[in-house]
Structure formats: structure tokens, C-alpha cells
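Sequence order for the protein chains is A and B. For what it's worth, the numbering used here labels the leading residue of the first sequence as 1, then goes sequentially. For what it's worth, the numbering used here labels the leading residue of the second sequence as 1, then goes sequentially.
Keep in mind the hints are simulated off the structure, nothing from the lab. Quantities reported herein were computed from a predicted structural model and do not represent experimental measurements. Possibly wrong hints are sitting among the right ones.
What the hints assert, rightly or not - Result set (BS3-like, lysine-lysine): computed pairs, CA atoms no more than 27 Å apart in a straight line: (1) A:Lys77 with B:Lys109; (2) B:Lys109 with A:Lys181; (3) A:Lys214 with B:Lys109; (4) A:Lys77 with B:Lys181; (5) A:Lys34 with A:Lys92; (6) A:Lys76 with B:Lys70; (7) A:Lys215 with B:Lys70; (8) B:Lys109 with A:Lys215; (9) A:Lys122 with B:Lys109; (10) B:Lys70 with A:Lys117; (11) B:Lys109 with A:Lys213.
As the list claims (entries may be wrong) - Pulled a few chain B residues facing chain A out of the computed Cβ check, cut under 8 Å: (12) Pro71; (13) Ser107; (14) Gly168; (15) Val170.
Heads up, the beta-carbon is just placed ideally off N, CA and C, and yes, glycines get one too.
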Amino acid sequence: MTSNRFALRAISILTVAVAILLSASALVAQDGYKPGDYARDFSLKNIDGSMVSLHGLTNAQGAIVIFTCNHCPYAKKYEDRIIALHNKYANKGYPVVAINPNDPTIQPEDSFTNMVKRAKEKKFPFAYIMDETQEIARTYGATRTPHVYIVERSGSGNTQQWIVRYVGAIDDNSDEPSAVKERYVENAVDALLQRKALTVATTKAIGCTIKWKKKQG
Amino acid sequence: MLFSAISMRLVVCSFIILWAMTQCYHRVYGQSPSKDFFTPQVVSLEQLQARITQARDTVLVINFWATWCKPCIQELPAFERLRKEYAEHIGSKHTRPLHIILVSLNSVKEMRIVETFLRKRRYGAESLLLSAGNPNIWIDAIVPTWSGAIPATWIGHPASNKKIFHEGEVTYQELTSLLDKFVLSLSNKP
Numbered sequence: 001m002t003s004n005r006f007a008l009r010a011i012s013i014l015t016v017a018v019a020i021l022l023s024a025s026a027l028v029a030q031d032g033y034k035p036g037d038y039a040r041d042f043s044l045k046n047i048d049g050s051m052v053s054l055h056g057l058t059n060a061q062g063a064i065v066i067f068t069c070n071h072c073p074y075a076k077k078y079e080d081r082i083i084a085l086h087n088k089y090a091n092k093g094y095p096v097v098a099i100n101p102n103d104p105t106i107q108p109e110d111s112f113t114n115m116v117k118r119a120k121e122k123k124f125p126f127a128y129i130m131d132e133t134q135e136i137a138r139t140y141g142a143t144r145t146p147h148v149y150i151v152e153r154s155g156s157g158n159t160q161q162w163i164v165r166y167v168g169a170i171d172d173n174s175d176e177p178s179a180v181k182e183r184y185v186e187n188a189v190d191a192l193l194q195r196k197a198l199t200v201a202t203t204k205a206i207g208c209t210i211k212w213k214k215k216q217g
Numbered sequence: 001m002l003f004s005a006i007s008m009r010l011v012v013c014s015f016i017i018l019w020a021m022t023q024c025y026h027r028v029y030g031q032s033p034s035k036d037f038f039t040p041q042v043v044s045l046e047q048l049q050a051r052i053t054q055a056r057d058t059v060l061v062i063n064f065w066a067t068w069c070k071p072c073i074q075e076l077p078a079f080e081r082l083r084k085e086y087a088e089h090i091g092s093k094h095t096r097p098l099h100i101i102l103v104s105l106n107s108v109k110e111m112r113i114v115e116t117f118l119r120k121r122r123y124g125a126e127s128l129l130l131s132a133g134n135p136n137i138w139i140d141a142i143v144p145t146w147s148g149a150i151p152a153t154w155i156g157h158p159a160s161n162k163k164i165f166h167e168g169e170v171t172y173q174e175l176t177s178l179l180d181k182f183v184l185s186l187s188n189k190p
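So here's chain A without its partners, still in its complex pose (with noise of 0.2 Å):
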């Protein structure tokens, strides 16, 4: 009898235990920037040695941040719709910026100076950067390569900041170009080129996991 109860007792504290857990599992998942948000500038190493950032962006109205890299077969899929999309864009004040948030310790394929050498060989026109510490991938909330950041200039200067406007997939097939029905990034730049509204402000997309660092200790 006493024991039943013992049982009881240690299953009800385990299950409590186990709604604790998923309950925060479910909280760090929905940490991130959500459109509407103040996004916070970096100063990151690009390809080209210089430091980049969003309020070093001369004659930007905003921003297409991309979380990718090098090694990802998805974000492979995509660099060359990332170069049309820098093409099409940045003269009209929405430059894309490119940060490569992953570990190369643990993925060597996304070193410093395989970023290099991969911008070289596809000509990448805009700034690939690299998010050593990874604190702006953690503090964006990016959990994939690649994965999608619009942000939307506000203010001038020294008051200026960084609204964002957009979270998500670059269009709604990976696989093919020519098939894609959706263009989620364009769409979303052409509206706020056009101050209207965004019909769709957040997508979901299949991608890479980013390489988090090992933790320490």
C-alpha cells in the first residue's frame, strides 16, 4: 500500500517534471526576433577583411539578412537565388548581407577561409560575414541555414534602428527554381519598397540545423 502510494507520488513528480522540461523546450523555441521587433546591429568580419554592419550600409532603406554557409546542401540550392535577389535589390536600398553563423570546428567546410574562397568562386556581390561568437544567430533566433531576416530602416544617424519586418523562407521550393510559386523575399521587399503591407511577414522552411559550439565545461 505504501508503496503504491511511493509510486504515485514519484510518478506524479516525474511527469510534472517532464511538463516542466517540454514547457521550456517550447519557450527556447519560440526565442527570436519576430516581425515588428528592433533587431540589433552587428559589426562582423566580412570576406574582404572590413567590418560590416547594418548602420554601415550606405544608402539602405533595409537590410535581407541571411543566416547560411557553405557546407549545406540547402543553402547550396539557394546561392544563386541569394545573388539575384542582392542584384535585383540593392540599388533599390535592401542589400542582402550574408552571415555564416556556424561552429568550424565542428563543420570545417564553413571556415573564415572556405567562406573566402567559396565567395570568390561564385562572385558573391554582397557582404558574407561571420558570426564567430554566434550571438547574433541566438540573439535573431535563427535556427537553420538558410534562414531569412528582413529588416526595415527607421529613423536616421545616430537614432536610426532596425525594424523587422520579415522571418523566414527565401520561396516555397528549394528543389526548383523554375517551379517556385511563392516568392516569400521578394514579395515581402516589394511591399515595403511600395509602403504597403506584408501579406506574409513569417514562413517555415526546411534547412540545415546551425552548428551551435560545443558547450564548455
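Place chain B on chain A using the hints.
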């Protein structure tokens, strides 16, 4: 004469033993070798959802993976180990039937790559290849909290409509502890 009679018996006996072994194999693994899971079955979102519902009282462990995803490939042996160890513990450690499904998110064009990969490693779990169109629609339909990164693992019990979801890699220990907690939660009716 006597010798040949003995050897005939030996041959017959060994055939019977072989037959019995294959029967055991079928019973333990719940599948016949003719049903080849190395060739993934291409399914739509609706077919995947129907497959889940069809499992009823079985605890389903669904792993979303792709051959191009390195952490996915690294964790697949844990799922194969779970499948084999579960089969050895039927009726003792586990009280509910368990079934593992590997859902590949490779494109249909990469079917041969997936098949070769599974065959080479002899992963015997049921394998599906999801071809469901726009991920922005089907990811939410499967798990609203899923960001879309893989690997990802879904554990559910269709009969009670309970499920848990884990985004990211799992070790064998993490997988079994997720599963144990889930099965424990089933025995506590709210």
C-alpha cells in the same frame, strides 16, 4: 546407407532450423524481407498523417532526416539500435508496441541516393519519403512549434492523441529517455 540417411536428416533438420529462424525474424521485426523498407515509399502530407492515425495504439517514433544532413546521418544508428533493442525486449521492458519510421526529406529526384544509403547500412525501419510541396504549409501541419531544421524527432501515441517533439540531434540515451518519459506520460491518464 546408414550414413546417407543421417546426412539426409541433417539436411532436413537444417532446413527446418533455417525456416524457424526466418519465422522468428518476421515475428521480432514485424516485417517480412519481401517488404523492402530500403526503398522509401513516397508519401504526401495526407498519406503521412493517415499513416500516423493508422498506428492507433502503437507508440510511433518518427525521425525526419535527409541524406545531405550530417547530424541526421550521425544519429540514425541510435534509431536502428532502438528498433533492435526494442524487438529484444517485447513484453518485458516495454509494455506497448513501438514502431519507428524514418521520413526522408530528400527530394523525389534523390530517391536512389536515399535507397542506396539505407541499403548499404541495412537500416530496417520503415522508410518514407515526404513529397508534400510547400514546406511553409506542411511543417506547421505536422508540428506548429517546428522551425523546419532537421534532424527532428516526433514521438506520438495516435490512440490518445498525445505527442512530443524534439528539434535537433539526439543521442541514444536522449532518445530512450524521451521515449521513456513519453510512455510514462501515457500511463497517467489526466
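Taking the hints in turn, this is what the structure says about them:
no.: 1; hint: A:Lys77 with B:Lys109; result: holds, 14 Å
no.: 2; hint: B:Lys109 with A:Lys181; result: holds, 19 Å
no.: 3; hint: A:Lys214 with B:Lys109; result: violated, 35 Å
no.: 4; hint: A:Lys77 with B:Lys181; result: violated, 38 Å
no.: 5; hint: A:Lys34 with A:Lys92; result: holds, 24 Å
no.: 6; hint: A:Lys76 with B:Lys70; result: holds, 15 Å
no.: 7; hint: A:Lys215 with B:Lys70; result: holds, 20 Å
no.: 8; hint: B:Lys109 with A:Lys215; result: violated, 38 Å
no.: 9; hint: A:Lys122 with B:Lys109; result: holds, 25 Å
no.: 10; hint: B:Lys70 with A:Lys117; result: holds, 22 Å
no.: 11; hint: B:Lys109 with A:Lys213; result: violated, 33 Å
no.: 12; hint: Pro71; result: holds, 6 Å
no.: 13; hint: Ser107; result: holds, 4 Å
no.: 14; hint: Gly168; result: holds, 6 Å
no.: 15; hint: Val170; result: violated, 12 Å
Hints 3, 4, 8, 11 and 15 from the earlier list are contradicted by this structure; the remaining hints agree with it.
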